[in-house]
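Q: Now for the letters of each chain:
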Amino acid sequence: MDTSWFVVLSAFIFCIGAAGVLTRRSPLVILLCLELMLNAGNLALIAFSRMAGNQDGQVFALIVMVVAACEVVIGLGIIVAMYRRRLPIDVDAMSELRG
Amino acid sequence: MSPTAYGWLVLAFPLVGTLVVALGWKALPGRLPGWIASAAIGLSFVASLGMLVSLLDQPEEERQLVSSAYTYLETAGMSADLSILVDPLSVFMCLVVSGVSFLIHLYSISYMTSDRGYSRFFAYLNFFVFSMLLLVLAGNFVLLIVGWAFVGAASYLLISFWYRRTTATAAGIKAFVINVIGDVGLVIGAFLLFDGTGALDYVGVFEAAPDAFATNDPQIVAACLMILVGAFAKSAQLPLHTWLPDAMEGPTPVSALIHAATMVTAGVYLIARCHPLFELAPAAADVGAIIGTATLLFAATVAMAATDLKRVIAYSTISQIGYMVLGVSVAAYGAGLFHLMTHAFFKALLFMGAGSVIGAMGGIQSLDRMGGFRKAMPFTFVTFTVGALALAGFPFFSGFFSKDEILAYTLNRGGGYVVLGVVGYIAALMTAFYAGRMVFRVFFGPPVSEARELEQGLLHHGEHANPATGEAEDTDVGFPGAEHHVAEREWPMKAAMAALAVLAVIGGVLGIPGVTDTFERFLEPTFEDSRFHDTAPGDGAEWLGLAAGGVFALIGLAAAYHYLLRDPELRLVTRRRFGRLHTLFVNKWYFDEIFEAAVVRPVAATGRFGRTVVESTFVQGVIVGGTVGLVRAGTSFARSIQTGELRSYAALLLVGVSGLVLYFLIVAS
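Chains as they are written, first to last, in numbering that gives the first Met the number 0: chain F, 0 to 98; chain G, 0 to 668.
Just so you know, not all the hints are guaranteed correct.
Said to hold, decoys possible - One side only, chain G facing chain F, incomplete, derived with CB under 10 Å:
| id | residue |
| --- | --- |
| 1 | 285 |
| 2 | 286 |
| 3 | 606 |
| 4 | 607 |
| 5 | 641 |
| 6 | 645 |
| 7 | 647 |
No wet-lab data here; the hints were simulated from the structure.
No residue lacks a Cβ here, since even glycine has one placed at the ideal position from N, Cα and C.
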C-alpha cells in the first residue's frame with residue numbers, strides 16, 4: 000500500500016487535533032485534541048518506518064507514547080487541582096502569565 | 000657604612016615618619032606627631048651627614064656610587080632599577096633638603112599647634128620630604144619622574160591644606176595642573192634621551208650622549224628643552240610661574256619649605272644634574288639662561304609693587320630662582336647651587352619671620368596694614384632683617400657671595416651673556432630695594448594697633464577671614480584656632496629661626512672666592528667633565544663682580560630707606576608719575592589675565608560646547624536616546640504577544656512551525 004495514504008490520513012488527524020486545540024476552551028478537550036495530534040505524528044512515524052524498512056520510527060513512536068502518557072498525567076492532575084479549587088474550567092480565564 | 004647605605008637610610012626615615020604619623024594619628028596625643036615627624040627628618044639629616052663623611056673618605060675619582068634595591072623592569076635593551084646615585088651633587092641636595100626641612104618641622108611644631116589638622120599636616124610634610132629626597136637621590140630618569148610627581152602631589156596636598164577655603168583649593172589645583180605640564184615635558188625629554196642613547200640611568204645616558212648626539216643635534220636640543228619645561232614648571236619660571244604666588248594660600252611653614260627652600264629649586268637641581276646634556280645642546284642652555292634672566296627681572300618688578308607680605312616673598316623666590324637657573328645655564332654650576340643653598344637659608348628664614356608677623360596680625364597679610372613691629376617683636380625683627388640683608392646681597396652676608404658670583408660668571412662668558420649679566424645687576428638693585436621695603440614697612444614707622452597690643456603682652460584676635468577674599472573661614476576641619484603663634488613666645492620657632500639666621504649670615508663662608516672655595520671643590524667631581532672650566536672668572540674678576548653687587552645692594556637699601564622712611568612725599572610723586580607702570584607691576588604684568596583669556600576661557604568654552612552640543616544633543620539624544628527607543632519598541636512588541644491566552648500561544652506556535660515547514664519545503668524543492 001502506498002505510504003502517501005497514511006501520511007495524508009496523519010495530516011488530516013493532525014489538523015483536526017490542531018483545530019480542536021485552537022478552538023475549544025475546555026482544558027479536557029484540549030488535552031484530547033493534543034492526544035490526537037501526537038497520535039497523528041505516531042501514525043506518520045510508523046508509516047515512514049515501514050516505508051524505510053527499519054525500526055527507527057517505531058522506537059520514536061514508543062517514546063512519543065511515553066511522553067504523551069506523562070503529559071496526560073500532569074495535565075489531568077492540573078485539571079483536578081483546578082476543579083478542587085473551584086476555579087473555572089476554561090483556558091481563556093487563566094491568562095495570568097500575560098506580559 | 001658605605002655612602003649608599005646611608006643614602007637608603009636618608010630615604011627610609013621620612014618614609015617611616017610618614018607612615019607612623021599618618022596611620023597613628025588617632026593614638027598620638029598633643030604635639031607628639033610633630034615631634035615624631037621632626038625626629039624622622041632630623042635622623043635623615045644625620046644620615047645625610049653620614050653620607051657626606053663616608054663619601055669624603057672615597058678617593059675623588061670614585062665619588063659616584065650607584066646602588067640598586069631591585070629591578071623595576073627589564074626588557075630587551077632597557078632596564079629601570081629602583082636605584083640611587085650618590086655623588087657630591089646629590090649629597091649636597093640631601094643636606095640642604097633634610098637640614099632646612101628639619102628646622103621648618105621644628106618651627107611647625109609650634110606654628111601649627113592650634114590647628115585641627117595637626118597630624119595630617121605632619122604626615123603630608125614628611126611625605127613631601129621623602130619625595131624630595133627621592134627626587135634628588137634618584138639614579139635614573141624613571142625614579143626621578145616618580146619623585147618629581149610625588150613632590151607635585153605633596154605640594155598640592157599642602158597648598159590645599161585648609162581645604163574649606165575655596166581660594167586654597169583653587170590654588171592647589173592650579174599648582175598641580177601647571178606641575179603636570181612640567182611632568183609631561185620631563186617624560187617626553189626622558190623618552191627622547193632614551194631613544195637616542197638607549198639608557199635611562201644617569202651614568203649610562205651621560206656616557207652615551209656625546210657619542211649619540213653631535214653638538215646642537217636637534218634631538219638633544221629638543222630633549223633639553225623638554226627637560227627645561229619640566230624644570231620651569233617646578234621652579235616657577237616664566238611663563239609657568241603663576242602657581243607659586245597663589246601657593247601662598249598654604250600654611251606659612253609650607254611656603255617656607257616647599258615654595259621657597261626645596262621643591263622649587265628642583266628645576267635648578269635638574270639642570271645641574273643634566274649638565275652634560277645641556278653642554279651638548281648650548282642652544283637649549285641659552286634658552287634657559289634667557290628665560291631665567293627674564294624671570295628674575297619680571298619677578299623683581301612685581302615684588303617691588305606687591306602689597307601682600309607673603310606674595311612679596313613669593314615673587315622674590317621666583318626672582319632668586321631665576322638667578323639660579325641663569326647660573327646653571329651659563330655653566331656656573333657651583334655658583335648656582337651655592338645660591339640654591341644660601342637662598343634656602345635666608346628665604347626659609349624670611350617666611351618664618353613673615354609667619355610670626357602674620358600670627359601677631361591675627362592672619363592679616365597686607366603690608367599696608369603692618370608697621371612698627373620693631374619694639375613688639377625684637378627677635379623676629381632681628382632675624383627677619385638678617386634674612387632681608389642676605390637676600391639683598393648686603394656685603395659679607397651669604398647672598399652676597401652666591402648671587403654676585405653667578406653674575407660674575409655670566410659677565411665673564413662675554414658676548415650676549417653680558418646683557419644677561421647687566422640685567423641681573425639691575426634686578427639685584429631691585430632685590431635690595433624690595434628687601435628693604437619689606438623690613439621698613441613691617442618693622443618701622445608708627446606701630447599699628449596690633450603691634451601696640453603685643454607690646455603690652457596681648458595678642459590680636461580678629462575674626463577668621465580669608466586674607467584674599469575677606470570671606471569668613473570655616474575652622475572646623477583644620478585652621479589655626481583663636482591662638483596665634485609668634486616667634487617671641489615659642490622656643491621651637493625661635494630655635495629654628497635663630498639657626499637659619501646664623502646660617503644666612505655665615506653661609507657664604509663656604510664659597511669666598513680665593514679664600515675658602517670649599518663648596519666648589521666639594522662639587523668638583525660631579526662637574527669635572529664640564530667644557531666650560533676656562534670661562535670661569537679668576538678670583539680677581541669674581542671679587543670685582545662681588546664688589547659691584549655689594550654696591551648695588553647698598554644703593555638699593557639706601558633708596559628703600561629714603562623712599563619709605565625719610566621722604567614719604569616722594570612716594571606719592573613717583574606713584575603719580577609712573578602710575579601706569581605701577582599698575583602693571585601690581586597686576587603682575589597681567590599674566591593671570593592673559594592665561595585666563597588665552598587658555599582658561601577657550602578650554603572652558605570648549606567644555607561648555609561639549610556639554611551642551613556634543614553631550615546633550617549627540618550622546619544623550621542620538622546614541623543613548625536611539626538605543627533606548629529601539630529597545631523600547633522591541634520590547635513593547637514582545638509584550639503585546641504575551642497575552643497569557645493559551646490558545647493564542649498555540650496558534651502562534653502552529654503558524655510558526657507551519658511557516659518553517661513551508662520554507663524548508665520550498666527551499667528543498
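Q: The structure should be examined with respect to each hint, and the outcome stated for every one.
A: A quick look at each hint next to the structure:
1. 285: 78 Å, violated
2. 286: 73 Å, violated
3. 606: It is violated, given that the least Cβ distance between residue 606 of chain G and chain F is near 44 Å, above 10 Å.
4. 607: 44 Å, violated
5. 641: With Cβ-Cβ at 3 Å, under 10 Å, it holds.
6. 645: Hint holds; residue 645 of chain G Cβ to chain F Cβ min 4 Å, cut 10 Å.
7. 647: The hint holds - residue 647 of chain G has a Cβ within 10 Å of chain F, the shortest such distance being about 9 Å.
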